[in-house]
Amino acid sequence: MDNPDPFAALRQLSLKRAAPVSYYALSRLEQTGVANLSRLPYSIKILLESVLRNCDGYAITQDHVLSLARWQPQGIREEIPYKPARVILQDFTGVPALVDLAAMRDAMKKLGGDPKKINPLIPCDLVIDHSVQVDYFGKANALPMNEAVEFQRNAERYEFLKWGQAAFQNLRVVPPSTGIVHQVNLEYLSHVVFCDKNKNICYPDSCVGTDSHTPMVNGLGVLAWGVGGIEAEAVMLDQPIYMLIPDVIGIKLAGSLPPGVTATDLVLRITELCREFGVVGKFVEFYGAGLSALSVPDRATISNMAPEQGSTVSYFPIDAETLKYMRLSGRSPELIALTEHYAKEQGLFHTDTSPNPVFTQTMEVDLETIEPALAGPKRPQDRIPLSQVGSTYQQMLAASSGFKGMGLAEYDLHRKAVVSLHGKDETITHGAVVIAAITSCTNTSNPSVMLGAGLLAKKAVERGLKVKSYVKTSLAPGSLVVTDYLNKSGLLPYLEQLGFYLVGYGCTTCIGNSGPLEEPVAKAILDNNLVVSAVLSGNRNFEGRVHPLTKTNYLASPPLVVAYALAGSTAIDISKEPLGTGKDGKPVYLKDIWPTNEEITQTISQFVTPEMFKTRYADVFSGTKSWRKIKITGSELYPWKDNSTYIRPPPFFDGLDPNRQPIKPLNDLKVLALFGDSVTTDHISPAGQIAPDSPAAKYLLDKGIARKDWNSYGSRRGNDQVMCRGTFANIRIRNQLASDSEGNVTLYHPSGELMSFFDAAMKYKEASIPLCILAGKDYGSGSSRDWAAKGPFMQGVKVVIAESYERIHRSNLIGMGLLPLQFMDNESATSLGLTGTETFGVEISDELVSGQLLTVSATTADGNVIAFKALSRIDTPIEVEYYRDGGILRTVLKKLLKSEKLPE
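Quick note: the sequence shown uses this note's numbering, first residue 35, plus one each step.
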């Protein structure tokens, strides 16, 4: 190993009230003429500090440091290895990650190695937040009832997670009923400046997470982004993330938000702009005078939706607002002082006089122009001004089926149904709001919109307004602190009077755990083919995600969620039409009950205090009585249970050959699916309900599991058999091989039969026929869901050919040994005349290099060959090795085996 500090950058940082700490000074690179720090984007400086600090002359070399230090807006984007400070996980992705690590331990022992080498080597936190479902709502005891069902459903998973916490070093588990991973990360886990006390060295906090909304803490000045579970596992095992040096898009903020406009309205506009501009795979960084007009919670709302915007990160630099939030959230005075001193010393602290960095490209957002809005009905980037929601809804019903149309015939446009609920008859029509959910860390982390919702509810109750009986209302905060300030301010009872009772501390409706609708409502929707709505304060509204029966789903701020619950319909203009009739018999309008900025600001200053945060996070790892009662057996190898339907050893390491394997051509591929644009990871591997007629349901029934205990796909990700059967099982997926039918159906080419994806895949596997997928733009957008790569792998898919990919999913495909190919510009399956009935071949060899053009041949039934070029989206040299080995974890396991120096 070379000199571990080749740039002589190690320095001492003197602190007023603490002993000096060491750090790697970025200024050293400027002093030696290597970098012009003042013009580098802040996010690039944080990457630069990491490679400088970890430069060992082997895995991270001086050339890597120089490549980043000399970053230019339009420069060559070389590969660098990056080591984040820590990893954060949630339970839907965390369980399969720990299952993989447990299986790696088994494989290590089987091959003669030390299983304890499979162990997190950097700090890892897993927050259990994805499992609670809204089975009970609208009542004072909904919270304990939902928690009881959660523990009953997930006992086996939680026992496994407790085993993992004991068996693996550097792993902490935040128990259920505590909060949502990103809000807990924002309010407590993030350091902003990280201090390794063993080495007495400080550096910028940074993390990667197994959830695509990990960038939320970018709003706090922490560089973080989402990765697939398999990539996170490699990072946990001290492997760098190999990435291309990013382009950085600067978004200049000017002005301040007008009265009555929320951070939610702003993030929906930024999401719309970023999707139009094109920021996929790029860093976004905010600058300009408007920065000081946004609090950290406002910034965190914007950063949370980085994946919806398409960017890897949406970064806000450390500044005075950062320190203000650290004080509010109860961080220690020592940490706050260290953060300020270190950030200023390193050129990471932004002030109004700081020079603007140079960016690859820029755009500008005038905050004064932002207006109240929703996004929907099927994508988060499809923003609709509040005043246009009603009119666009009516137009959408008759418009051609697509992202902004339902394709209803004229005779279907005026359908309605009368339902009897709680002793009252209600009429349900198209546009009826059947779910109104205050949910998701996107918004529940922001006191201004949460207290705004409470103030609006108070005024609505005082006017005598009531929520329609067919609306399923829920309140699921991202942390216990939210309940504290809603209680202390006296606003929670008003929300409860409108049906917004606490249902759980977790993701709930935002990830599809919305629970069932009341039976009369569900029956009316199905019997009358009604197009009904969910309005939620979440970040995603893809088809089939929120609830199977809500075909239109709208993202909105918490106050607007309450307003739409009162109105009961998205087919009206609530900016002009009354929400209802008051107790005085007069119509009540939104403007009558909307709280003023002054009311919200005064409520925050009076009722949101540092003591709340300190108290709630003092014993955050202890958990409820139900969590503490879970018993585990201590052992370094997990004692797998043969009858388990939740936790099974996966087959990913079966047949592992420690020797180097050649890359061979791919031949005789049949098409499992032909997709259009915007196929999300939720389409590929749904997280929500398991349909009664699905292969996964049949498997569970065969195992003796009653329907009430099926739980969700997300909760079953530790069982490869359920997940393989659940791949492509989304009820809204459209496969052009099946005449564009909706749902879990494809064409089995040899017989011409239509059947489920799983059944077809198993028939192909029995016949030793490899598979491929053809797709359009933005394949794999959405959640950082590694089962969206693992599932196709288990179904026998070897290649995906798409017009473009979302960043995380492309990485996940390679992480599982699948080949992502990209059609050339202006080419697609349609333009090339591909129908999906062809037999495909890919000319790939052991000479494969990153970014290579490969020849693909598609042979039709009559022998015609359509040959075309496709770009290999194996983007970096290390990804070639991952592909060669059959995936990143197999590469890591091979490296660890070699380090054992086993005898031959």
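Hints should not be assumed to be uniformly reliable.
Calculated cross-link-like contacts (lysine to aspartate or glutamate; reagent style EDC-like; alpha-carbon spacing at most 16 Å) [unchecked claim]:
(1) 557 - 670
(2) 811 - 310
(3) 625 - 653
(4) 698 - 386
(5) 143 - 607
(6) 732 - 670
(7) 928 - 688
(8) 286 - 386
(9) 811 - 859
(10) 286 - 459
(11) 928 - 272
For the record, the hints were derived by calculation from the structure and aren't laboratory data.
Do the hints match the structure? See the list:
no.: 1; hint: 557 - 670; result: violated, 50 Å
no.: 2; hint: 811 - 310; result: holds, 14 Å
no.: 3; hint: 625 - 653; result: violated, 42 Å
no.: 4; hint: 698 - 386; result: violated, 57 Å
no.: 5; hint: 143 - 607; result: violated, 64 Å
no.: 6; hint: 732 - 670; result: violated, 34 Å
no.: 7; hint: 928 - 688; result: holds, 13 Å
no.: 8; hint: 286 - 386; result: holds, 13 Å
no.: 9; hint: 811 - 859; result: holds, 11 Å
no.: 10; hint: 286 - 459; result: violated, 52 Å
no.: 11; hint: 928 - 272; result: holds, 14 Å
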